[in-house]
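Protein chains: 2
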Amino acid sequence: MEQIVGKQSIQFQRAAHILSAASVVGKKEGDGPLGKYFDKVGEEDGLFGCTSWEEAESNLQKEAVTLALEKAELEKWQLRMIYAGDLLAQTIASSFGIMGFHTPIYGLYGACSTMGEALSLSAMAVAGGYAPYVAAVTSSHFGSAEKEFRFPLGYGNQRPLSATWTVTGSGACILGTKGGKARIAGITTGKIVDYGFKDSLNMGACMAPAACDTIYQNLMDFNRLPEDYDKIITGDLGEVGQRILFDLMKEKGFDIEKQHMDCGIEIFDQNTQDTHAGGSGCGCAAVTFAAYILPKIEKGEWKRILFVPTGALLSKVSFNEGKSVPGIAQAVIIEHC
Amino acid sequence: MEQIVGKQSIQFQRAAHILSAASVVGKKEGDGPLGKYFDKVGEEDGLFGCTSWEEAESNLQKEAVTLALEKAELEKWQLRMIYAGDLLAQTIASSFGIMGFHTPIYGLYGACSTMGEALSLSAMAVAGGYAPYVAAVTSSHFGSAEKEFRFPLGYGNQRPLSATWTVTGSGACILGTKGGKARIAGITTGKIVDYGFKDSLNMGACMAPAACDTIYQNLMDFNRLPEDYDKIITGDLGEVGQRILFDLMKEKGFDIEKQHMDCGIEIFDQNTQDTHAGGSGCGCAAVTFAAYILPKIEKGEWKRILFVPTGALLSKVSFNEGKSVPGIAQAVIIEHC
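If you read the protein sequences in the order shown, they are chains G and P. Going by my numbering, 156 is the number at position 156 of the first sequence; the sequence numbering is gapless. Going by my numbering, 113 is the number at position 113 of the second sequence; the sequence numbering is gapless.
No wet-lab data here; the hints were simulated from the structure. Some hints could be false.
Same chains, same label: a pair holds when it works inside one copy or across any pair of copies.
What the hints assert, rightly or not - Straight-line distance between alpha carbons at most 20 Å, and here's what the computed SDA-like set of lysine to any residue pairs gives:
#1 K147 / V317
#2 K198 / N157
#3 K316 / L153
#4 K316 / T51
#5 K231 / D221
#6 K27 / C50
#7 K178 / E75
Could you build all of it, start to finish, from the sequences and the hints given here?
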């Protein structure tokens, strides 16, 4: 049990290495500030040659894993397991996206925190000696997510400024025992945190308390200060959630404003892209990680980061039954090597 | 990597022990052949004191984990992680059920195979030295599942004889590094298998090919024959799925009729309970395992079993869009110790 640190964290003795990563996104994401970093950008219609948004989202996962495998120079049969998830009911984007690989799979649901969960469990599998190679993949799609959680797109509802825009995209990482220039040194498993918020159009506020909880616990467990990380990167808090996170962290005695970055804020240009509080969705953290964050670690520009995808735990049913929207955040420590 | 065996399996060097298990079920399950084995049986209304079926299902998970902790003489803070899942969109039964424990959590979705997935990942966590104690829990509820996947109960639709009846219940297991009289010796991770079936009222047929695939691969990976297991126990194939499984296994050269048992067939009395092909749902395999299977292993009546919860991967949306219903099965080897 010498790998266990503090209350909620693991420090790996044989850290899993990230061998490659790939990202496939929609046109809007391609038009955004990170556009040039993505491996593949789709057309305006968001269908990626498919006939439904759900199928399009499955296709994104398939392409992201295929590209990541190519970059790692591996064949699909070499993957011992795939850890996959998405936002749709019964995670159908993953099931239909990954099916064709004929690879053992574990399906995950952690809302928009799922890439943190997938990387954590993948790292545990590799570091535990259970697999030479695994893949972690998540996706989201604006069309399928709005249909799943809010209103049909054709209804043309107004969106408050606190709302985020679900990213159309999928990011995949291949992990292995050696190789690559980044490794997962440790993780902090998130708790579900509920402040009683009930607004599904202000997910940043719902997730910020969970982000604070996981980041604070990570600093405690590893006995670190924010400056021990080059960056502390949340998934999709957006502008509103980021302000709440800063306030909550200050209450706990930590100022993370210098280190903090949020994938949801980076991926769109709020002024020109009409995305309000920022990007969100399982794909947001995944594609930003694959396209923008990981290369900076690989180059050694950032030596150690804390990657904290954040999720809002709700469904149409729980929302309509008047339930709150609890949050969760899964943290992964990634180091240059 | 000395723990990896064959193509899809792991043989644990430091096998996780199952310290305790608990089951909470609805009245119909309590009236069935296994009724006397369950820890707690609810009232006729299926609400367990709550105002909605979803809340009732959350409550089932909460009670199952609480009871399992009591049996293991552990406090909730001693649990390092909970691996939890259910059938509802965005796995809300788990989120709202587990939230109150304030324990780190990984949410899972593997349809009705989720108890196999939860036990597999829990065993990996304990055997990897990542946690002294973890919990695995899944649930399903007849009311919430019919609403989620098929028709509102009030509609009173006819059910074909191939249909299964979703079990109302939750089963939880506590795993640890030592103690107890059963251990998880190995696992075989399932692939998604799609034979193109599209009938959501014949899930047995959709899942049988996946069950065959995982069981066959387990026998290959460990170089075993069916008789090396006292029992090979699937989750919820029901009468129809069982016949298909026998045929498919025979095509591969194995007769498993003597060893095979199906939780879905055991849990209801087909003749008096009007459940047609049998029980199903995430809770079916979980409560049957906790109440009936595990005690037999603990007593040494069964020395080694293969527990193979089976899942049908569909959603309302994928079904309505004309997609097939692929299957998955996650296998866990459990031995008396």
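Return the numbers of the hints above that this structure violates; sort them in rising order. No numbers; nothing is violated.
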